[in-house]
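Residue numbers (full-length UniProt numbering), protein chains in the order written: chain A, 1 to 671; chain B, 1 to 426.
Pulled a few chain B residues facing chain A out of the computed Cβ check, cut under 10 angstroms:
| id | residue |
| --- | --- |
| 1 | Phe348 |
| 2 | Phe351 |
| 3 | Ser359 |
| 4 | Leu367 |
Simulated from the structure, these hints should not be mistaken for laboratory data.
Note that the Cβ used here is the ideal one computed from N, Cα and C, for glycine as well.
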Amino acid sequence: MGLLSDPSISTQSKLVDGLARHVRKVCTVLYVAGVAWFFCLALPEFNHGTYLSENALSPGLVYPEIRVDANRLAIQLLEELQRERKDHLSTTPHAWIAAKMNEFGLETHTHNYTLRYPFGGGKEYHGKNIYGILRAPRIASTEGIVFTAPYRAASSVHTDISPSVPLLLAFADFARRKNYWAKDLIFLVTEQEQLGMQAWLEAYHDGDRDLDVSKAYLRPGNLPARAGSLQAALNIEVQDLEIDYVDVRIEGLNGKLPNLDMFNLVQRIMAREGIASGYKQTPRKKRRHSKSLFETNLRQMLAMLATQSSGVPNGNHGLFHRYRIDALTIAAHRRATHATLKGQPGSAAVPLLKAIEGIARSLNNLLERFHQSFFFYVIVNNDRYISIGDYMPALVALVACAFVKAYLMWSTLPSTEAGGELDTEERDADTDVEAEKFELPYGSVLIYLTATLLIGFLCNVLPLQQYFLEIPMGAAPLTTSVLSFLSLIGFILPFVVVLPPGGLELLHVAFLLIYGCSLIVIGLLNFALGFFVAVLTVPLVIALETKEDTSRSTLRHAIRLLALILNPMMIVYVIVLAMTFYQFPELPLQKILLRAATAAMDASAYGLIDSVLYGNFLYFVISTVLLPLWIICWTLALSKRRDYADYVEFEESPASSPQPQSPSQAKVKTS
Amino acid sequence: MDAKFFKLLLLGGVVRFYFSRTPLAAMIGNRVEFATPLNSHKRMQEGIFLLQSGIDPYQGDLVHETPLILSALSGLFQKYPHLLPAFYIILDVFTAALLYLMSRRFVRQKQEQQTTEQKHYAKDTAELQFSDLDKYDIPELVIVAYLFNPLTVMNCIGMTSTVISNLFLASFLYCLVKGLLLPCLLVLAFETVRSFYPIVLIAPLLLVFSHNSIRRGLVITLLFIASCLGVAYANFLVLNSWNFLDGTLGFIFYFRDLQPNIGLFWYFFTEMFEHFRTMFLITFQLNATVLYLLPLSIKLRKEPLLLATVLVALMTVFRAYPSLGDVGFYLALLPLWKRCWKFMAHGFVVFTFFLVTLSMMGALWHLWIYAGSANANFYFGATLAFSTGQIFLITDLLFAHVKREFCLFKGQKIWIDGVEARIVLK
Numbered sequence: 001m002g003l004l005s006d007p008s009i010s011t012q013s014k015l016v017d018g019l020a021r022h023v024r025k026v027c028t029v030l031y032v033a034g035v036a037w038f039f040c041l042a043l044p045e046f047n048h049g050t051y052l053s054e055n056a057l058s059p060g061l062v063y064p065e066i067r068v069d070a071n072r073l074a075i076q077l078l079e080e081l082q083r084e085r086k087d088h089l090s091t092t093p094h095a096w097i098a099a100k101m102n103e104f105g106l107e108t109h110t111h112n113y114t115l116r117y118p119f120g121g122g123k124e125y126h127g128k129n130i131y132g133i134l135r136a137p138r139i140a141s142t143e144g145i146v147f148t149a150p151y152r153a154a155s156s157v158h159t160d161i162s163p164s165v166p167l168l169l170a171f172a173d174f175a176r177r178k179n180y181w182a183k184d185l186i187f188l189v190t191e192q193e194q195l196g197m198q199a200w201l202e203a204y205h206d207g208d209r210d211l212d213v214s215k216a217y218l219r220p221g222n223l224p225a226r227a228g229s230l231q232a233a234l235n236i237e238v239q240d241l242e243i244d245y246v247d248v249r250i251e252g253l254n255g256k257l258p259n260l261d262m263f264n265l266v267q268r269i270m271a272r273e274g275i276a277s278g279y280k281q282t283p284r285k286k287r288r289h290s291k292s293l294f295e296t297n298l299r300q301m302l303a304m305l306a307t308q309s310s311g312v313p314n315g316n317h318g319l320f321h322r323y324r325i326d327a328l329t330i331a332a333h334r335r336a337t338h339a340t341l342k343g344q345p346g347s348a349a350v351p352l353l354k355a356i357e358g359i360a361r362s363l364n365n366l367l368e369r370f371h372q373s374f375f376f377y378v379i380v381n382n383d384r385y386i387s388i389g390d391y392m393p394a395l396v397a398l399v400a401c402a403f404v405k406a407y408l409m410w411s412t413l414p415s416t417e418a419g420g421e422l423d424t425e426e427r428d429a430d431t432d433v434e435a436e437k438f439e440l441p442y443g444s445v446l447i448y449l450t451a452t453l454l455i456g457f458l459c460n461v462l463p464l465q466q467y468f469l470e471i472p473m474g475a476a477p478l479t480t481s482v483l484s485f486l487s488l489i490g491f492i493l494p495f496v497v498v499l500p501p502g503g504l505e506l507l508h509v510a511f512l513l514i515y516g517c518s519l520i521v522i523g524l525l526n527f528a529l530g531f532f533v534a535v536l537t538v539p540l541v542i543a544l545e546t547k548e549d550t551s552r553s554t555l556r557h558a559i560r561l562l563a564l565i566l567n568p569m570m571i572v573y574v575i576v577l578a579m580t581f582y583q584f585p586e587l588p589l590q591k592i593l594l595r596a597a598t599a600a601m602d603a604s605a606y607g608l609i610d611s612v613l614y615g616n617f618l619y620f621v622i623s624t625v626l627l628p629l630w631i632i633c634w635t636l637a638l639s640k641r642r643d644y645a646d647y648v649e650f651e652e653s654p655a656s657s658p659q660p661q662s663p664s665q666a667k668v669k670t671s
Numbered sequence: 001m002d003a004k005f006f007k008l009l010l011l012g013g014v015v016r017f018y019f020s021r022t023p024l025a026a027m028i029g030n031r032v033e034f035a036t037p038l039n040s041h042k043r044m045q046e047g048i049f050l051l052q053s054g055i056d057p058y059q060g061d062l063v064h065e066t067p068l069i070l071s072a073l074s075g076l077f078q079k080y081p082h083l084l085p086a087f088y089i090i091l092d093v094f095t096a097a098l099l100y101l102m103s104r105r106f107v108r109q110k111q112e113q114q115t116t117e118q119k120h121y122a123k124d125t126a127e128l129q130f131s132d133l134d135k136y137d138i139p140e141l142v143i144v145a146y147l148f149n150p151l152t153v154m155n156c157i158g159m160t161s162t163v164i165s166n167l168f169l170a171s172f173l174y175c176l177v178k179g180l181l182l183p184c185l186l187v188l189a190f191e192t193v194r195s196f197y198p199i200v201l202i203a204p205l206l207l208v209f210s211h212n213s214i215r216r217g218l219v220i221t222l223l224f225i226a227s228c229l230g231v232a233y234a235n236f237l238v239l240n241s242w243n244f245l246d247g248t249l250g251f252i253f254y255f256r257d258l259q260p261n262i263g264l265f266w267y268f269f270t271e272m273f274e275h276f277r278t279m280f281l282i283t284f285q286l287n288a289t290v291l292y293l294l295p296l297s298i299k300l301r302k303e304p305l306l307l308a309t310v311l312v313a314l315m316t317v318f319r320a321y322p323s324l325g326d327v328g329f330y331l332a333l334l335p336l337w338k339r340c341w342k343f344m345a346h347g348f349v350v351f352t353f354f355l356v357t358l359s360m361m362g363a364l365w366h367l368w369i370y371a372g373s374a375n376a377n378f379y380f381g382a383t384l385a386f387s388t389g390q391i392f393l394i395t396d397l398l399f400a401h402v403k404r405e406f407c408l409f410k411g412q413k414i415w416i417d418g419v420e421a422r423i424v425l426k
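So that you can see chain A by itself, here it is in the shape it has in the complex:
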């Protein structure tokens, strides 16, 4: 008896019937297995040590040649820059940077871009990036490597990272004297954080393309010079020339990661130069050693997934991933006190310069793009990782709950179970009503699904419509009001539109399938987001039940409450609330709630702007995928049923499918 060639006549199998009675237990086992598998990954037996796959990189094969004179140059440039900063409190000293690049013999260009901010009546912002290209002596500008340093004006609220620019320039001066470069080196100074980087990348790759000027929010302009296909990029954020440790940041847009080889390369070279460096590195004295290895690993994994799940890059490197360029940020942190200073102040930055040189020379060796090692991994420890094949089963087990439940529900649906007998024997005996009671109302369920999807679609489209943008209202209140209005419609929908008998069960099956598919797709594109959504929502999905069962009303109320809490908007608020509480524990509760509300409103607006400018899909996922799913979930949790007498009357009226879009109409017909 094979899977495909089961010769039994009945399609009902005892196994399925038996399992169907224990859907919840089966699903709970799967859920627990998935979560347990994820926890197990933190154990050393379940993850692997990192290694370099790409032989061409050969890190540390050459002696670093950069000497203390480069460090002296950096110090001198930093002093000059500090003087410039006093004159440019809120702008970038473009002239000074360009002059220095010219002086070092780089092919220097400026890049102008414009941001048309859509909200609040619309405003225009202008920005300027400076970049210098060092043409490789050994190749005809077909490939390039980018070294970038973001510049922050003195008035910026973020940490001062102005020493990055002198460090970059000092390295450029050193690199210009060497003749072994096989790839063009681009030294880029961007402003306005990620916006400048995004504009530069768009201009580099699509600058010659004609954009629809009326629609594009970011007009990147074009670049006067390019350096071929970019192979890799290194973003440098240095707080001070005297550094304590280096934090290597890898999470990019939509949770994309650079090739693991790139991370390993940086780790190897940093270790060789004796710099304390690592993924999510923290100052030494704060690190406690009392925690077990399992706990530190788990914390590290969760921290990484948390950063990835928002899809917002944690450095300028993240935007490169969109263009298939492997990139990461080395964020060097300032030494807190000078008491522990070991080296001389005059050569403090030499190790970092040496590391940058080592990385540059390894990247210079690349024969083709990074492709050898993993692109999907979770870093457990600085030298241990989990590959996609090991962590995917956790998500698959969670998603399998939905599919298993859908299958078992489908095979016990009234029409598939008893449809055969009813069709033949009872059609003659009873009236048509009895038989049709078990015809599944595909049409109405389909219309209901379309209506919910339409609500989600509107969430994505409405806030950017011209007539909404012209309202003199900030981005945050506008987005929030549109979102809450639409979720309110979703909240009311099940009260107004009641599906015909059998509709709820069918809707349930359809919901489980759509939910499973969406989770798989989200999980493939951004594992962290998919996994967290699954962990949060699968319990509700398992608990949902549409059967008429009056005896267990407490459970039913609990499910409704849970469904209400798991509204995407509510979850965003709770997350923001938790973060506010964590950041400002001293505030009274009322103030925290209020502050979290404004922060959540801002977050939704930022989400929308991110999706428009950078292509972050978090907003899309929440509004267009998760919100409709929630509406269906809420409908199922309420499981409103129409009375049987009502239904007969309804069937007699010509329009047999309820119209979710015009609830009043549907109501008139039923009553």
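Chain A is fixed; fit chain B onto it per the hints.
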């Protein structure tokens, strides 16, 4: 031919027209799941342009459409390019109408056959027999399944030449059911010269028209060969060169373009060592054509239309350049076997398979081609699962048919010594 039929046709046309005006149309035209090297709209445009400029389109490696189609459509492509979507929509709606007429006729034939066999049927099998309502229900289901299946809708708005293939296949089936030998032969010959695989459909044709006489069968086969040669010669006349044979049939047989698609060929032929290529080419092409032909023809000799359905489906799974438009076509034929559905155990599993793999294909293609982080193996995994789902569906249909035939004559519930009997395959 009632009002509902025309309403459905109109609605199907409107849906297609609406989507052909959205940005989706251009996107679908570039998706590998719909547009293969064989059927893509861009290549058709290229071919027509080359033809008009007096260059042999088959000297390059871009155009794989037959010269007859190219020259027939060149006027439309050159002079009225804005009418092209409407043209493809009309073709697709026409296909749906043909399928509707075909299924009406088919159900009527089945009912006639049923009345003659009625006395042999077992008692409790009313639900397995074609009822009076089926005359209306089944054709309606067929037309709905063709017109509103997202796969066929997208195939149509992507303006792939699969729309034309589907039209030919539908008219073949129509003529087959209607019993028109010559049109049937001509359509089949035309489609065979275009895309090679329909050659297997000669089997149902022979079963229908030969009436168990070997001589008639031979004559029909000869006629088919003659019409194939005739069609090929007509194609030859367009350009006065035989280059097109290598550009169309040769391109299909030798599988020259390794662009990924939803089929099984591309991955194997990218990975395999070059000196095994000939062997595997023959194996794969045999698998797609004659391997299942003989056993299925023997088993289904009384049901030529089911044989045609299964062959079309198998062809879609195993052909060199399959597209989702082909899948949509054979899915529309499934309602013809509504009376077997009771025995189809894997319907839900197959549906889930289709849903999951199709949504995964989009994500994995994005990760592979745009994000550069996944690779060919991920995408092939999804397409392999998709093909597995299709094979599940086909075997399920075959088994359901066999079980229905058995139950129709022996009854659904068989009791042996007071225990419900189970059938065991041995």
